[in-house]
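2 protein chains.
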Amino acid sequence: MNAANNDAQFDKLIVQEVSPRDGLQIEPTWVETVDKIELIDSLSTAGFTRIEAGSFVSPKAIPALRDGDAVFQQIERHPGVIYVALVPNLKGAERALAARADELNLVMSASQTHNRANMRMSCESSLMAFDDIVRYVQGSGVLLNATVATAFGCPFEGRIDEDRVVGIVDTYREMGIEGITLADTTGMANPRHVRRLVARVLERLPAAALTLHFHNTRGLGLANVLAAYEVGARRFDAALGGLGGCPFAPGASGNICTEDLVNMCDEMGIPTGVDLPTLLALSRGLPALLGHDVPGQLAKAGRNCDVHPVPEYVLQI
Amino acid sequence: MNAANNDAQFDKLIVQEVSPRDGLQIEPTWVETVDKIELIDSLSTAGFTRIEAGSFVSPKAIPALRDGDAVFQQIERHPGVIYVALVPNLKGAERALAARADELNLVMSASQTHNRANMRMSCESSLMAFDDIVRYVQGSGVLLNATVATAFGCPFEGRIDEDRVVGIVDTYREMGIEGITLADTTGMANPRHVRRLVARVLERLPAAALTLHFHNTRGLGLANVLAAYEVGARRFDAALGGLGGCPFAPGASGNICTEDLVNMCDEMGIPTGVDLPTLLALSRGLPALLGHDVPGQLAKAGRNCDVHPVPEYVLQI
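Heads up: the protein sequence lines correspond to chains A and B, in order.
Under UniProt numbering, think of the first position of the first sequence as 1, with each following residue one higher.
Under UniProt numbering, think of the first position of the second sequence as 1, with each following residue one higher.
Hints listed in this document are in silico derivations from the structure and should not be mistaken for laboratory results.
Keep in mind that a hint or two might mislead.
One copy or two, either will do: identical chains are not told apart, so a pair holds if it fits within one copy or between any two.
Said to hold, decoys possible - Okay, derived cross-link-like pairs now, SDA-like style, lysine to any residue, Cα gap no bigger than 20 Å in a straight line:
#1 LYS12 to ARG95
#2 LYS300 to ILE82
#3 LYS60 to VAL314
#4 LYS300 to GLY251
#5 LYS12 to GLU230
#6 LYS300 to GLY167
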């Protein structure tokens, strides 16, 4: 199927798998530490180079991820895989380093209201906390990434000024944070907006330093990936099964679905290095693990190459 | 929200609403004739210029649409709306004309196997039936459209040769059929494939004569719309709520969802003429009508401009 599409060579699209963190954090069902470790260890064999494996936030704030220390200490480290931890403050950074996280992901919303709702502090306080973390991590060899959440819109404030997003990117970089994520936290981005903002940000930092984090809340996740890829973005977050909903859109879809994304890339001839059959097997195990259906579509539909047997009556026509 | 995105002028994207036909045809729940008529009459007020309102196939083959005659006779005709009927053969065309359909849509699959499975005849027999219909309709003022089903892939045969699809388009046009639909019947298309095939077909007929019919089975429906739009396609089928699954992908999504499509266009500044609040109200009534949840996402997530109240605790930070 792909061969016929391979008349041009595409750059690799790097998928950062975030199901163990952004996927599980709002799950009402407790996933046992051993099951989280098994999921991450399985994902490590699928060809990912980056896995967001957990977070070191307050267990009261995110009880579903309260075992981040044990998870990071017990997962099998695969060579060539960077295991990322989300940390909200210096205490989280200390825990993450003790548990041998390879990279820390810090999060602040472009929207003041959303940052107060999500992080329970102002953007100014978030930046001060980031500064503490940057100084603490310095010299440890641990990598740093910072996310601009609600970069494409806020569920409270609506439209977010693009200059503000670009300004935050500059602030992060000036603080010494190399990796930047633009997050469409509640799925408000559209391909035109994505093209414009991503092109602007890529004037300021190399593609290797930029991650796009899209949610499929309004069905535009994969269209937004293509729009960003077309203007030069190369790294994208995605969650197995499309896990990770939005508390403001009950029943709507979550993160863009890893196997749906990898299938799109496979069909278009965009290399990812990720093995789709491994993903499908893992994704098909999620309903049993979580006790509910998941939004990803490829696990239900199968790949294009999974052709169906011809019905008996057809042979008689 | 849109104003800021409106720095370039886009051509109108014409949405043909197909929920009354492709949406309802596989519904296991019987939708009363009066409810079908009410749905179509409501859709007629939403700004569509084209509605596929029913079909004139054998009641044994598609029992859910066995009341096509009554539906077409009793719907309110809105000026400027073309009411399309799907017809499989001369008998269906006779019924459709008697019921005052404005346009007939004929369907044949590019895949022989799929045509035998779906239409219970060979492609050659389908073309002979088309010829009868073309001659019957001549001079009546009724418009003709013909669909190439499985144009982007077949669930039995897999890949479909693009030359074959283009050849069928030529055959249709040579037979005197003006409108052409390329249908991705089971959601196997990808944006790259779409760009290539649509560009080829648009070398042979004007954009006003071409409709793209995408299913969202593997999550690529809206990305495929944009790919086709970018190479010049202007008319797209979509179904309210994303109704209309695929029998080969149980649980997977159906047609691309009208309100998700119109939302994408509104956010990007692509005019459609369709009123999104009307669509959302109609879509939110579908679960009660059909007895199950529907795949459309915007009805769950709301529009970007539907901002949420700021939580009490945020005001105290």
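Give the relationship of LYS12 and ARG95 under a CA distance limit of 20 Å: within one copy only, between copies only, both, or neither.
neither (33 Å within a copy, 54 Å between copies)
When no copy is named, should LYS12 and GLU230 be tagged within, between, both, or neither for a Cα gap of at most 20 Å?
Within. Shortest intra-copy distance 12 Å satisfies the 20 Å Cα cut-off; inter-copy 23 Å does not.
Please work out whether the CA atoms of LYS60 and VAL314 approach to 20 Å or closer within one copy, between two copies, in both situations, or in neither?
Classified as between; 17 Å across copies, 60 Å inside a copy.
Checking LYS300 and GLY251: alpha-carbon separation at most 20 Å within a copy, between copies, both or neither?
both (18 Å within a copy, 6 Å between copies)
Copy assignment of LYS300 with ILE82, given that the CA separation must stay at most 20 Å
For LYS300 and ILE82, neither the intra-copy (30 Å) nor the inter-copy (35 Å) Cα distance is at most 20 Å.
One pair to classify: LYS300 and GLY167, alpha carbons no more than 20 Å apart. Within, between, both, or neither?
Intra 42 Å, inter 33 Å, cutoff 20 Å: neither.
Comparing the model with each numbered hint stated earlier shows that hints 1, 2 and 6 do not hold.
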